[in-house]
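Protein chains: 2
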Amino acid sequence: MNILITAGGTSEKIDNVRSITNHSTGRLGKLIGESFLSNGHHVTYVTTPQAVRPATEPHLTLIEIETTKELESALLDQFQKQTFDSIIHSMAVSDFTTETTLSEDTFIEKLAATLIKDQALSDLTTLTEALYRSIDEIGQTIQNEKKIPSGTDRLLLFLKKNPKIIAMLREQQPQAVLVGFKLLVGVSKEELIRVGKGILVKNDCDFVLANDLEEINDKQHKGILIDRDGHTQTAETKPEIAQLIVNSVEEKWRDR
Amino acid sequence: MNILITAGGTSEKIDNVRSITNHSTGRLGKLIGESFLSNGHHVTYVTTPQAVRPATEPHLTLIEIETTKELESALLDQFQKQTFDSIIHSMAVSDFTTETTLSEDTFIEKLAATLIKDQALSDLTTLTEALYRSIDEIGQTIQNEKKIPSGTDRLLLFLKKNPKIIAMLREQQPQAVLVGFKLLVGVSKEELIRVGKGILVKNDCDFVLANDLEEINDKQHKGILIDRDGHTQTAETKPEIAQLIVNSVEEKWRDR
Chain A
1 MNILITAGGT SEKIDNVRSI TNHSTGRLGK LIGESFLSNG HHVTYVTTPQ
51 AVRPATEPHL TLIEIETTKE LESALLDQFQ KQTFDSIIHS MAVSDFTTET
101 TLSEDTFIEK LAATLIKDQA LSDLTTLTEA LYRSIDEIGQ TIQNEKKIPS
151 GTDRLLLFLK KNPKIIAMLR EQQPQAVLVG FKLLVGVSKE ELIRVGKGIL
201 VKNDCDFVLA NDLEEINDKQ HKGILIDRDG HTQTAETKPE IAQLIVNSVE
251 EKWRDR
Chain B
1 MNILITAGGT SEKIDNVRSI TNHSTGRLGK LIGESFLSNG HHVTYVTTPQ
51 AVRPATEPHL TLIEIETTKE LESALLDQFQ KQTFDSIIHS MAVSDFTTET
101 TLSEDTFIEK LAATLIKDQA LSDLTTLTEA LYRSIDEIGQ TIQNEKKIPS
151 GTDRLLLFLK KNPKIIAMLR EQQPQAVLVG FKLLVGVSKE ELIRVGKGIL
201 VKNDCDFVLA NDLEEINDKQ HKGILIDRDG HTQTAETKPE IAQLIVNSVE
251 EKWRDR
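Going down the list, the sequences are from chains A and B.
Per the working numbering, residue 1 is the first one in the first sequence, and the count goes up by one each step.
Per the working numbering, residue 1 is the first one in the second sequence, and the count goes up by one each step.
Hints are computed from structural coordinates only; laboratory data are not their basis.
Yeah, the Cβ is synthetic: ideal placement off N, Cα and C, and Gly gets one too.
Errors might be hidden in some of the hints.
[Claimed, not checked] Where chain A lies over chain B, by a calculated footprint (3+ residues, C-beta under 8 Å):
no.: 1; region: 11-22
no.: 2; region: 92-101
no.: 3; region: 110-117
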């Protein structure tokens, strides 16, 4: 089979020396990649600079990206060149990217100026509408302040929505066995399965691996693999999750 | 000599899976540490999880921190236990830490409610004061939204000032030969020296290593070492900078 795996975590630049990073060691993605490789499959592996990845070998193509935008471009580029039998989308992708960063002083100065100009102050509805317009304009037109004054006590960072990567995978590669991932924090098993099923249906996945950050540590990594029929299989460690995914994908592919 | 080195880059948590990270590979700090160790000095080396560091050896004490707050605690703890002959503060430290994260909707709802309540809308001064009060209250009292609604197009991240680490080093360790670092982006050599001297005077450093991100790549790392008399020495690579710092610190210590 020809497999695409995404793993690691994207980061979004704030400026030249700072960024917002989604933490992911890439260790689960590495295990999944190694399992597919050792079963003789070809793997295109898209990952991020800090993440671990499978060792170089002839059946492995490595692609490195940093931001969600770069991930989107790299995937669209691959979809032009290759048809994948399966896509395992385990990368932790930023839902939001940076729009601008302002000191509190600059933000309030701009906001007050537009509110006064708009005479937006007569009632709550008018004020609310004026605030949306004003914050929209500030976000879209004001660039990062080159030099934040040293007296600044507070910064406001504007973040705007990134493209939803998982939403475009089925459309781009209708033939692929598609595995999505969902990480939640501190929820019940029922809630985890409910949200995982929602992700599966919404993005037309074949499987979703749902997991909870509070059930992940050095020794264990609990994961629930949900299929289209709502059946679930559970695993207790990263190697078990990797094996579960590889087996399920291979089986699904054979049945097609 | 008994040496303290800070290296790497701090990061500030946004939530369980995201943080704001100051990029620093720690490669220069590692070289400085290795040079001091090979000259027979004791080194306490404070660094961050992603950064490279000198290999373990008997004269090296490694301390790992993530946030600026943790750095402050770790240093104050060390200053209780040890007297340092020199402090090399090369870590890239976040000036700001995360206060709260809100969807645009929640932010505007809270802001509009307080502005209307305050009847703050009569003139620009009253409005500006009300905006400061309101944003201050939102920043300090509203917690991260547990679940950002999926329709949210924009987030606002509030950041507040961190303690200035370099400002407390001289006060805590008056006897130490103190080396500060300043990284700028795309400035002239004159500006780099001017800002570097400002940092030196303000924080009572013995030396400041000033460098420009645009003059740093895989092959070169231009750096200017400024001393109290305003003399400058330049280096072209990380090993040269490390050697310059180690020589200058040793010489300064001998002359005391």
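Q: Return the numbers of the hints above that this structure violates; sort them in rising order.
A: Of the numbered hints, all hold.
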